[in-house]
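Student: Reconstruct the complex from the two isolated chains, following the hints.
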Amino acid sequence: MADLPTWRTIDHACIVFNPGNAAEYLTGDWRSMRPELDQEKCKRCGRCWMYCPEPAVLVDEEGKYHIDYRYCKGCGICSKECPYDAITMVEECEDGI
Amino acid sequence: MGSKRVSLEVSEVCAEAVRLADVDVVAAYPITPQTHIAEVLSEMVADGVLDAEYINVESEHSAMSCCIGASAAGARSFTATSAQGLALMSEMLYIASGLRLPIVMALVTRTLSAPLSIWGDYSDIMSVRDCGWITLFAEDGQEVFDFTLQAFRIAEDERVLFPAMVCMDGFHLSHVLEPVDVISEEEARDFLPVYRPKYRLHPSDPVSMGCFAMPDYFSEIKKRQDEELKGSYPVILEVWREWEERFGRRYAPLMSYWVDDAEMILVIAGGYAGTARLAVEGMRKRGMKVGLVSWKLWRPFPLDDVREILGKAPLVLVVDRALSVGGAGGPIANEIRAAFYHEKVRPQVVSMVAGLSGRDVLQRDFEAMTKRAMELAERGEIPYYEMYGVRE
Ligand code: SF4
Ligand code: SF4
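The listed protein sequences correspond, in order, to chains X and Y.
Heads up: the first sequence runs through residues 13 to 109, numbered per the numbering used here.
Heads up: the second sequence runs through residues 3 to 394, numbered per the numbering used here.
Note that these hints are calculated values from the structure, not bench results.
These numbers come from a predicted model, not from an experiment.
Check the hints yourself; a few may be wrong.
Said to hold, decoys possible - Negatives, chain Y to chain X, calculated, CB over 12 angstroms: (1) V27; (2) S99; (3) R191; (4) S210; (5) S221; (6) D263; (7) G313; (8) R339; (9) R381; (10) Y390.
Said to hold, decoys possible - Dumping the calculated EDC-like pairs for lysine to aspartate or glutamate here, alpha-carbon to alpha-carbon at most 16 angstroms: (11) Y:K200 to Y:E246; (12) Y:K200 to X:D50; (13) Y:K225 to X:D23; (14) Y:K225 to Y:E240; (15) X:K85 to X:E48; (16) Y:K200 to Y:D263; (17) Y:K287 to Y:E160; (18) X:K92 to X:D50; (19) Y:K224 to X:D50.
Built from N, CA and C at the ideal position, the CB exists for glycine as well.
Bound conformation, chain Y alone (with noise of 0.2 angstroms):
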């Protein structure tokens, strides 16, 4: 049996990704928008659909210890959260990072308070973008649902061993029905054998992790941490070639549409690329030499792929829907204008901070972005970033 076309809301078409991928321990705490993926798998385990242990747990802090502690002991482990809760178990996402152990959680992005809200924007990701783990950026349903069983595989792999995070916009994403191919149980376990833990806590084989380290060691490991996430890269490019081998999808770190030519590429991550997109095939209907790239993977940072794709064009426009309070600029856009700052020939870069907590950017805002980006480079005027839509 192949893969069958199913309509279902993406938080399911997650949970979904989660039991194909047989997981053996679910710890999560429910917090809007998350929630549905936490309450759809504990239903599962609940109905017997799902042979794993799901932990209720009292905070996320928690939610991702117990995650640490049975990935530790070699069970394959999955949480889901969002902004406040990701914020909770920040601490822990270090030490999952520094372990190095394979754990998979959704982030269903919304944006860190205050004021409150439990709208979608990129704020909780980028709050804990140096903690080590995999990050990829889903753009719709079908992305969460490969993206997911593609984190398991990649974490697991011996030459990786770091924890994995797929992103999705909060209600954009998570809230909406969309038509996705969900695979079959036996395509998913040819794909995602069962779990063989290189490293365990096991009576038999006795190890210690989460050791102390001293400064004469510290360095040392940080670095080979550092090293082995960048030496993650062409193992997330092996399984994405063996992905659409088998399925047909095809996934690359940043996904461009006519770059090629373009005198200006407009960069934006998560499911507000879709309008992107249309706002671009329509200005380039007008004429207009504009392209796009769609943010896959966020982490390991795709150095290689930003000059070359990027390098194109001499115009950059991001739109960041996250704000560095007080800070140069979007995040995103800070780290392109890091990756160029060395070379001979870089293009300008406009940041924009647009779609906070979960304001629609329609396709009109993104032309009228691309128009104030042109004016802007063509003036010599480019600020370190705007905010684009605030009212005077």
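This is chain X alone, in the form it adopts within the complex (with noise of 0.2 angstroms):
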């Protein structure tokens, strides 16, 4: 814990200086299960973007939807909404453990 904050030294009413630096923060580390976008199937309607809870669905300059798996929780959420069917949730582990 050498390099984490003392109470002294940690910042005021634990105000963020330098706001947006959850992005710093790799939430892609929780996951469990991970969504495949199948891009055959994908409608681009934008749904997935819309509902993910984290930055993790991007859309490139041709439109094509992508996951972000440095953010990605693995909610399924995306899976979930997707009326196509274009998101399927795989296990991250071959195992399944």
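Tutor: Below, the structure is given as structure tokens:
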């Protein structure tokens, strides 16, 4: 814990002076189920992008949707909301452990 | 133009202090017996004598939430409530303190239901004693006025940055007319300059407030909050000294009377201290060595003052106007006991619970409690606490 702040050095009122630094926290570490997006089935409706609670659905220049696994925590909301069954949740570990 | 003496209802005295503090935002929901404060302030804003935003909220939870948002944006913010209203906003009280926002609140103390009661006692304030607010108990209208203005100055001091509340007894204080010295606008501006927040939400220099903390940060944040709330103590004394120099009225965390040679010190907070003083004066005249402490500063807890002043007598009688149901004593009594537990020389502490839900405690009641406390001490049979004056 040597690099963590002490009670004397911690920021006043826990104010974050570099807002948006939550991006430094990679919530992808939490994932046990991985969403896999099938570009063939995807109609680019954008629902997964809207419903994803993390900044984990990205749209590229061509308008294609991708999962950013650095932040995707595997909640499965995108898969549940996709009206075209284009996102399948698969176990991260092959043996399911 | 200096101070002028006026006769006002104490709720109006509070509102006048808030007007002189030139607040930017008032967010309040009316509840008996706080109602007159909310009413008078809304009239002041409507009449243009107070240039503030008056937010008509739908609940006390929202009142405190609005104050939190406004204060975070850098506005001087005020609210007032009582009892159930305080209970409803209690979630937000902890947040205001954790975010270190210098909001000021008038708490017109009233008993918490059930049974439903609109009368005064300290069950409301005692239910939130750990919320991290600077807390002052006013005894009369003058103290309501002085403490309210001082609360803004203390809360906004960069060495403090904590919310502060001023407690006044519902009805027994809030609804009585008293003569009060009111300072001029000029004096108020001089004592309490425009609030210049050190930290605030502003697009030109963005920060995030109210963030999430993981267990590896939380304890350090709380320790800092605790240390800094205790650290507000010298600033409070400093502000009181300055107030005395400017306006001639002296305050101390525990105001004490006849304590030096006392064989027993009676301790009480708030408006009932006035009656207690008359009772103690009478007992002194009859040769009884009784002293009195009228408690002013509840948080930060004035540990050294408690030890120094109450340590002078072998016996302390604490009259709490709140019952810790199923507990081990009155809330003030128990903190006094804790303050002395490790001391070599410590007074015996008799805890009496009286004056619940606005029941009068007369001079003869204080005398009877004094007699009872002395008897219990003499017999060596001091219980954890007793409720005084309950029909058997
Ligand atoms: S699984 Fe959850 S976190 Fe991951 S992309 Fe889908 S909605 Fe976002
Ligand atoms: S919700 Fe399904 S169809 Fe719509 S963009 Fe996302 S993956 Fe494609």
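Student: Please go over all the hints and tell whether each is borne out by the structure.
Tutor: Each hint, compared with the structure:
No beta-carbon of chain X comes within 12 angstroms of the beta-carbon of V27 (chain Y); the shortest separation is about 19 angstroms. Remark: the non-interface label on S99 (chain Y) conflicts with the geometry, its nearest Cβ contact in chain X lying 9 angstroms away (cut-off 12 angstroms). With a cut of 12 angstroms on Cβ distances, R191 (chain Y) stays outside the contact zone with chain X, its closest approach being about 28 angstroms. Not every CB of chain X is more than 12 angstroms from the CB of S210 (chain Y) (nearest about 4 angstroms), against its label as outside the interface.
For S221 (chain Y), the requirement that its beta carbon stay farther than 12 angstroms from each beta carbon of chain X is not met, with the minimum near 8 angstroms. Every Cβ of chain X is farther than 12 angstroms from the Cβ of D263 (chain Y); the closest lies at roughly 43 angstroms, confirming the non-interface assignment. With a cut of 12 angstroms on Cβ distances, G313 (chain Y) stays outside the contact zone with chain X, its closest approach being about 31 angstroms. Chain X leaves R339 (chain Y) outside its interface by the beta-carbon criterion, the shortest separation being 28 angstroms against a cut-off of 12 angstroms.
Every C-beta of chain X lies more than 12 angstroms from that of R381 (chain Y), the closest at about 47 angstroms, which supports listing it as non-interface. With 12 angstroms as the threshold on Cβ separation, the claim that Y390 (chain Y) sits away from chain X holds: the shortest Cβ distance comes to roughly 42 angstroms. The hinted pair formed by K200 (chain Y) and E246 (chain Y) fails the criterion: a straight-line CA distance of about 27 angstroms is larger than 16 angstroms. The suggested pairing of K200 (chain Y) with D50 (chain X) is violated, with an alpha-carbon distance near 51 angstroms, which exceeds 16 angstroms.
Note on K225 (chain Y) and D23 (chain X): the hinted pairing holds, with a Cα-Cα distance of about 12 angstroms set against a maximum of 16 angstroms. For a cut-off of 16 angstroms, the pair hint linking K225 (chain Y) to E240 (chain Y) is broken: about 24 angstroms separates their Cα positions. This hinted pair checks out: K85 (chain X) and E48 (chain X) have alpha carbons roughly 13 angstroms apart, not beyond 16 angstroms. For the suggested pair K200 (chain Y) and D263 (chain Y), the alpha carbons sit about 47 angstroms apart, so the restraint of at most 16 angstroms is broken.
Between K287 (chain Y) and E160 (chain Y), the direct Cα distance comes to roughly 47 angstroms. Violation of the 16 angstroms bound is thereby established for this hinted pair. With a C-alpha separation of about 14 angstroms, the suggested pair K92 (chain X) and D50 (chain X) falls inside the 16 angstroms cut-off, and the hint holds. With a C-alpha separation of about 47 angstroms, the suggested pairing of K224 (chain Y) with D50 (chain X) is violated against the 16 angstroms cut-off.
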